[in-house]
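Visitor: Sequence:
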Amino acid sequence: MHDLKIENARICDGLGNPITLGTLAVTDGRISGVGLDVGTARHTVDAEGMVLAPGIVDVHTHYDAQITWDNTATPSPQNGVTTVIIGNCGFTIAPCRPADREITLKNLTKVEGIPYDALKRGVNWNFETFGEYLCAIEARGTVPNIACFVGHSSIRTWAMGDDARHRPANPQEIDRMCDLLGEALAEGAIGFSTSFSESHNGEGGLPVASRLADAAELEALAGVLREKNQGTLQITRGNTATIQSIGALQAIADRPLQMSAVMTVPKFPEMAKQDMTALEAERASGREVWAHVSPFPEIMHFTLKNPFPMETIPAWNPAMQASDLDALKDVYRNEDFRESVKHELETPVPFRFNGQWDVVTIVRTNNPELQSFQGRSIVEIAAELDVDPLDALLDISLDDDLETRFEAKTLNYDEERVRPLLDHPHTVVSLGDAGAHVTFFCQAGSGLYLLQRYVRERGDLKLEEAIRLLTSHAADTHGIKDRGRIEVGAWADLFLFDPALAGLGDSETVYDLPGDGARIDRTPHGVLGVWVNGQQVVDQNGLLADPPFPGHMLREFA
Numbered sequence: 363m364h365d366l367k368i369e370n371a372r373i374c375d376g377l378g379n380p381i382t383l384g385t386l387a388v389t390d391g392r393i394s395g396v397g398l399d400v401g402t403a404r405h406t407v408d409a410e411g412m413v414l415a416p417g418i419v420d421v422h423t424h425y426d427a428q429i430t431w432d433n434t435a436t437p438s439p440q441n442g443v444t445t446v447i448i449g450n451c452g453f454t455i456a457p458c459r460p461a462d463r464e465i466t467l468k469n470l471t472k473v474e475g476i477p478y479d480a481l482k483r484g485v486n487w488n489f490e491t492f493g494e495y496l497c498a499i500e501a502r503g504t505v506p507n508i509a510c511f512v513g514h515s516s517i518r519t520w521a522m523g524d525d526a527r528h529r530p531a532n533p534q535e536i537d538r539m540c541d542l543l544g545e546a547l548a549e550g551a552i553g554f555s556t557s558f559s560e561s562h563n564g565e566g567g568l569p570v571a572s573r574l575a576d577a578a579e580l581e582a583l584a585g586v587l588r589e590k591n592q593g594t595l596q597i598t599r600g601n602t603a604t605i606q607s608i609g610a611l612q613a614i615a616d617r618p619l620q621m622s623a624v625m626t627v628p629k630f631p632e633m634a635k636q637d638m639t640a641l642e643a644e645r646a647s648g649r650e651v652w653a654h655v656s657p658f659p660e661i662m663h664f665t666l667k668n669p670f671p672m673e674t675i676p677a678w679n680p681a682m683q684a685s686d687l688d689a690l691k692d693v694y695r696n697e698d699f700r701e702s703v704k705h706e707l708e709t710p711v712p713f714r715f716n717g718q719w720d721v722v723t724i725v726r727t728n729n730p731e732l733q734s735f736q737g738r739s740i741v742e743i744a745a746e747l748d749v750d751p752l753d754a755l756l757d758i759s760l761d762d763d764l765e766t767r768f769e770a771k772t773l774n775y776d777e778e779r780v781r782p783l784l785d786h787p788h789t790v791v792s793l794g795d796a797g798a799h800v801t802f803f804c805q806a807g808s809g810l811y812l813l814q815r816y817v818r819e820r821g822d823l824k825l826e827e828a829i830r831l832l833t834s835h836a837a838d839t840h841g842i843k844d845r846g847r848i849e850v851g852a853w854a855d856l857f858l859f860d861p862a863l864a865g866l867g868d869s870e871t872v873y874d875l876p877g878d879g880a881r882i883d884r885t886p887h888g889v890l891g892v893w894v895n896g897q898q899v900v901d902q903n904g905l906l907a908d909p910p911f912p913g914h915m916l917r918e919f920a
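If you count by my numbering, then the sequence shown holds residues 363 to 920, one letter each, in order.
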């Protein structure tokens, strides 16, 4: 007798095969039967003709800190996700010595938009080494399955202390980093992550530690993956790292390389196409490089207290170095600062805000005298006031004690150019960034958004293909075994949904971080049930009130 069967389901197997009507059975956490008649079970669920698919595998998340206080990894399971990969972009919180905890949290606040007070209150520092971190998460239990990269910035800081943010490493320090990476792989890391991105700046506007690595350091670390014949290499690129140079690191590692990201960029309309041409050249040379792409338009909510979209502009650095709110206001009033930013915006640069003031709008003001500006674009307001758009942005915010909330469309909103990226044979649908940028946006439901926008509304993708991209393809490209597919013997990570309703609601602010901290959320629609390793964690009303914690800490990979 099976433990569970889900009958009357339209089964979408995650492998791209046509949907079939049938029943799925589960025994001891694995799929034990698929067909019209699978026998009896202790518990039966009637799917009522809805679609039963493998659970979504979200390969780019940042729950590293949150998972120490929130073992549900909210809101991912509510969005149909059953497996998350954390530790992307080189930003992990392990290994981490006690002396480095404070700067680690402050860097996360800056680069990942996670409120410092929530991190300070929430992170449970019952670990120092990477292996201790994995064991601590595993002992506490989680709703989803977890796989974790070991992050470059973390092992660099362990090896170099505060110098990691200021200088290249010497040969002895590089050797220590290589030892740490080898230890982490032995302890269960899915691979090694790093970032070259100019947008990744930490406390005081300093580059995150990985950005100071030279070629010798990067090549040595890539060589560890080759030596161990283990692990995936994840790189978040910037504007200076070419796809050819990234391909060269893959050749050294001789392991799969995940490159974040290829996106459509305003003022550079051909860039995504050019990136894919360069990537194809690397593939033709035998280099296994995967480009991560997103279905989501990147839309950020922010105030000028923490204006992440603007902090990618080097001339904004004086604001990032301001010691307190009064000092920040002084920077914003400074004419030299304003002129420097205006001058820099005259020369567009990929992957940053380039002065697209027509897609920056005011969402909310606290000052009643400014409410007439709500819902209007900065370019429209600037024309009315006869001032430069940057001056309008800064002056309105200063008159509102920096409480004005803005919305900016920054990347990836040209759907006609996004569409061919999604099912390209060498891309991976990714970049939800769940657990990060929580004060700016919520893209944890990127899978649901793909089903809503590119399957149901636009009709660009067949449902079977979209599910394949979100499940088996995501799992296989990262070496995650026996997940992301509906077949006998696979783990029973399952997602039951109504394809006519699957999608996301509007952005809203909720206050459920430690200390009642705020984050942006989007209510999922059409999700009827989620099972992790055969145990239900979500029903039609959302996360169960008292969910089990069936998630596995994944430590062995293909």
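FYI, nobody ran anything at the bench for these hints, they're computed from the structure. Among these hints, one or two may not hold up.
[As the list claims (entries may be wrong)] Label-pair restraints from in silico Cβ distances: (1) N729 - D844: 50 to 60 Å; (2) R738 - A501: 48 to 58 Å; (3) P787 - K590: 23 to 33 Å.
Only a predicted model underlies this, so the values are computations on that prediction, with no experimental measurement involved. Heads up, the beta-carbon is just placed ideally off N, CA and C, and yes, glycines get one too.
Visitor: Holds or violated: 23 to 33 Å for the Cβ distance of P787 and K590?
Guide: 28 Å, holds
Visitor: Falls inside 48 to 58 Å, the C-beta gap from R738 to A501?
Guide: 52 Å, holds
Visitor: Within 50 to 60 Å or not, the Cβ separation of N729 and D844?
Guide: With a Cβ separation near 56 Å, N729 and D844 satisfy 50 to 60 Å, so the hint holds.
The structure is consistent with each of the numbered hints, conforming to all of them.
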